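Chemist: Based on the provided sequences and hints, a complete structural model is requested.
This is what each chain is made of:
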Amino acid sequence: MADVDRRRRSFLARMMRVLGGVAIVEAGWIAVSALLPRRHKSPLMSGPGVIVAGPVERFEPGSVTAFADGKFYLARLEDGSFLAVHRKCTHLGCSVPWNADEQRFACPCHASAFDIRGDVVNAPAPRPLDIFPVAIENGIVKVDTGQLIRRKAFESSQVVRV
Amino acid sequence: MRVPASAIRFTHTFGLGGMALVLVLLLAFTGILMMFTYEPSPERAWQSIVSFQQEVLFGRLIRGVHHWSANLLIAVAVLHLLRVFLTGGFHGRRRSNWLIGLGSLFCILLSGFTGYLLPWDQTAYWAVTICTEMLGQVPGIGLGLQHAVIGGTEIGTATIINFYALHVAVTPLTLFGLLIWHFWQIRMAGGVVLPGASVEDSPDAYRTVPLAPDLLLREGVVTLVLIAIVLVIAIAFGAPLGDPANAGISPNPTKAPWYFLGLQELLIHFDATFAVMIIPLLVVAALVAIPYLPYGAELSGDWFLTPKGRRMAVVATVTALLFVPLWVFIDERVIGPGGWLPGAAAVISNGLIPFAILSAAVTGFYMSVRKYFVATINEAVQTLFVLLFVSFAVLTATGVWFRGAGMSLVWPWQM
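Line by line, the protein sequences give chains V and Z. Counting from 1, one number per residue, gives the positions in the first sequence under this note's numbering. Counting from 1, one number per residue, gives the positions in the second sequence under this note's numbering.
Treat the hints as calculated values from the structure; they're not laboratory data. Among these hints, one or two may not hold up.
Said to hold, decoys possible - Okay, the calculated bits of chain V under chain Z, using three or more residues with CB under 8 Å as the criterion:
{"#": "1", "region": "6-19"}
{"#": "2", "region": "123-134"}
Said to hold, decoys possible - Some chain Z residues well away from chain V (every beta-carbon gap over 10 Å; in silico):
{"#": "3", "residue": "Phe36"}
{"#": "4", "residue": "Arg60"}
{"#": "5", "residue": "Leu86"}
{"#": "6", "residue": "Arg95"}
{"#": "7", "residue": "Trp126"}
{"#": "8", "residue": "Thr129"}
{"#": "9", "residue": "Met134"}
{"#": "10", "residue": "Asp204"}
{"#": "11", "residue": "Gly220"}
{"#": "12", "residue": "Ile249"}
{"#": "13", "residue": "Ser250"}
{"#": "14", "residue": "Leu267"}
{"#": "15", "residue": "Val315"}
Unchecked claim - Restraint ranges, calculated between C-beta atoms of paired labels, are given here:
{"#": "16", "chain 1": "V", "residue 1": "Gly21", "chain 2": "Z", "residue 2": "Ser408", "range": "42 to 48 Å"}
{"#": "17", "chain 1": "Z", "residue 1": "Val347", "chain 2": "V", "residue 2": "Arg7", "range": "54 to 60 Å"}
{"#": "18", "chain 1": "V", "residue 1": "Ala31", "chain 2": "Z", "residue 2": "Ala197", "range": "45 to 51 Å"}
{"#": "19", "chain 1": "Z", "residue 1": "Ala228", "chain 2": "V", "residue 2": "Asp101", "range": "39 to 45 Å"}
{"#": "20", "chain 1": "Z", "residue 1": "Val410", "chain 2": "V", "residue 2": "Val50", "range": "24 to 30 Å"}
{"#": "21", "chain 1": "V", "residue 1": "Ser63", "chain 2": "Z", "residue 2": "Pro325", "range": "42 to 48 Å"}
{"#": "22", "chain 1": "Z", "residue 1": "Val347", "chain 2": "V", "residue 2": "Glu102", "range": "29 to 35 Å"}
{"#": "23", "chain 1": "V", "residue 1": "Ile140", "chain 2": "Z", "residue 2": "Val288", "range": "36 to 42 Å"}
{"#": "24", "chain 1": "Z", "residue 1": "Leu102", "chain 2": "V", "residue 2": "Arg17", "range": "24 to 30 Å"}
{"#": "25", "chain 1": "V", "residue 1": "Ile30", "chain 2": "Z", "residue 2": "Trp413", "range": "23 to 29 Å"}
{"#": "26", "chain 1": "Z", "residue 1": "Val318", "chain 2": "V", "residue 2": "Leu19", "range": "47 to 53 Å"}
{"#": "27", "chain 1": "V", "residue 1": "Ala13", "chain 2": "Z", "residue 2": "Pro294", "range": "46 to 52 Å"}
In this text, all values refer to a predicted model and were calculated from it rather than measured experimentally. Glycine included, C-beta positions come from ideal geometry on N, C-alpha and C.
Modeler: Structure below.
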């Protein structure tokens, strides 16, 4: 009788420990899920989406135009092609201003510099500035700020020609 | 209840643990007062702090006390860790308490960092940008971690809510729990470590005094003097509040909070894999391992353990003070951003090679000092710790006072 009693008790004690473990795992899971990035598109979280930059003629070849809403610069290269360059430095995330005199994006934080195509001219930036896809429809330049594209180096396939 | 007379001498502990507790309580008090006005949203945060300072009675003072207590707490907690280490207070029963102390320090740093963002001014926004980007550079999991911390891909509403919840609930509750445990463990270990050989011949050696009033009076004096100092600094300097955060304009230079500037300085000299992952992981592992190293004897009680330990610590301090600035200068001006092997991948040229050179130098220093002084393991480990601690302090000082526009090396008066 005492033996059955003891076995019953140790069974119950073990079950309590198992349930306690399950409870901790559940609580941990809920806590981690609460911390995960909010994936759903609430109006606060999502960006402005596709931005209509304007007609092609408005942008001179060799010029850079800032779009603060979309957090990018629309660069028109000397050959007339377009590139939408993200304004965030690939080193530590500072916003890079365009310096028209020196024809480069110069990061104020750690002296990284990028040319008009976003390619690295000065370390410590590890890779060129990210870009957004550009589309030209009926002579109107549009930039999709929903998709950020990381790149290892500048390639001519990244630009969009008129 | 009675305590040993030698244990309550001010210069034995400098009252650092008690000071840390006072600062934590000041922070809780002033923090709760600010919670009644603060609004954690990018649109309202900065304005709500301006209103708190202008419209609430003593608002500016309350925020000043919170700001300066937070900064002092980090310094005091680090000095407390240094005191415990240098008096060998981590052996035997105190082993686990060393780990609890490290956990508390982590909480304090996290509190400081999460609080840094809340004013939502330019300094706050960009310092947190820099720090979370540093986190994002950890190979593999970095980007995921970064996005979890800031609640998305950009610092915004989700970030400020995350940081606010961590700052006002998670870190303070955890810290209070850890501190209660910390004090309980000190009690179980029979109070602070007792001075050893240094007091053997003094009349204090075996004398005990009543806890009340002898110890309480000393703690009371430390508390009141500390509060007075915090009040004077808060009244004189207040808490800074710059222009509201602007995601389009980075200030030049952009710096992390001062307690992470040593890390930012590392990132200037090392590739990200080493600067934000391998080196910090090694440091944390070393700190955790300290009580568990195979010491010959549990040497504790006196500052620097022994007179020999003190001489060795001086050697380590002088070495670090001479060598680290030299390294910073050479790496910046002679080696340059290309690294030690230009052309090779950055992780080798700016990572593996300088890391191997420095590791060899530190190992060589350890071996030769140990041999020259015929030191015990305790003294040798202490010397190594002092060398690395002073090195990190020099890196932090470099980041704070010697980095100007574009993070280039300048003299403090040129900034």
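Chemist: Would you mind marking each hint as holding or not holding in the structure?
Modeler: Here is how each hint holds up against the structure:
1. 6-19: violated (count 0)
2. 123-134: holds (count 3)
3. Phe36: With a cut-off of 10 Å, phenylalanine 36 of chain Z remains clear of chain V, as the shortest Cβ separation is near 25 Å.
4. Arg60: With a cut-off of 10 Å, arginine 60 of chain Z remains clear of chain V, as the shortest Cβ separation is near 30 Å.
5. Leu86: The claim stands: leucine 86 of chain Z keeps its Cβ more than 10 Å from every Cβ of chain V (closest is about 35 Å).
6. Arg95: holds (25 Å)
7. Trp126: Non-interface label on tryptophan 126 of chain Z violated, nearest chain V Cβ at 7 Å vs cutoff 10 Å.
8. Thr129: violated (5 Å)
9. Met134: violated (7 Å)
10. Asp204: Non-interface label stands for aspartate 204 of chain Z: nearest chain V Cβ at 49 Å, farther than 10 Å.
11. Gly220: holds (40 Å)
12. Ile249: The assertion about isoleucine 249 of chain Z is violated, with a minimum of 6 Å to chain V.
13. Ser250: Violated, since 4 Å does not exceed 10 Å.
14. Leu267: About 8 Å separates leucine 267 of chain Z from the closest Cβ of chain V, which leaves it inside 10 Å; violated.
15. Val315: Per Cβ check, valine 315 of chain Z is outside 10 Å of chain V; nearest 34 Å; holds.
16. V:Gly21 to Z:Ser408: 42 to 48 Å: With a Cβ separation near 54 Å, glycine 21 of chain V and serine 408 of chain Z fall outside 42 to 48 Å, so the hint is violated.
17. Z:Val347 to V:Arg7: 54 to 60 Å: Holds, at about 59 Å.
18. V:Ala31 to Z:Ala197: 45 to 51 Å: Hint holds: Cβ distance 49 Å, inside 45 to 51 Å.
19. Z:Ala228 to V:Asp101: 39 to 45 Å: At 54 Å between Cβs, range violated.
20. Z:Val410 to V:Val50: 24 to 30 Å: For valine 50 of chain V against valine 410 of chain Z, whose Cβ atoms are near 44 Å apart, the range 24 to 30 Å is violated.
21. V:Ser63 to Z:Pro325: 42 to 48 Å: holds (45 Å)
22. Z:Val347 to V:Glu102: 29 to 35 Å: With Cβ atoms ~30 Å apart, the hint holds.
23. V:Ile140 to Z:Val288: 36 to 42 Å: violated (60 Å)
24. Z:Leu102 to V:Arg17: 24 to 30 Å: holds (29 Å)
25. V:Ile30 to Z:Trp413: 23 to 29 Å: violated (54 Å)
26. Z:Val318 to V:Leu19: 47 to 53 Å: violated (59 Å)
27. V:Ala13 to Z:Pro294: 46 to 52 Å: violated (38 Å)
Hints 1, 7, 8, 9, 12, 13, 14, 16, 19, 20, 23, 25, 26, 27 from the list above are not met by this structure, while the remaining hints are.
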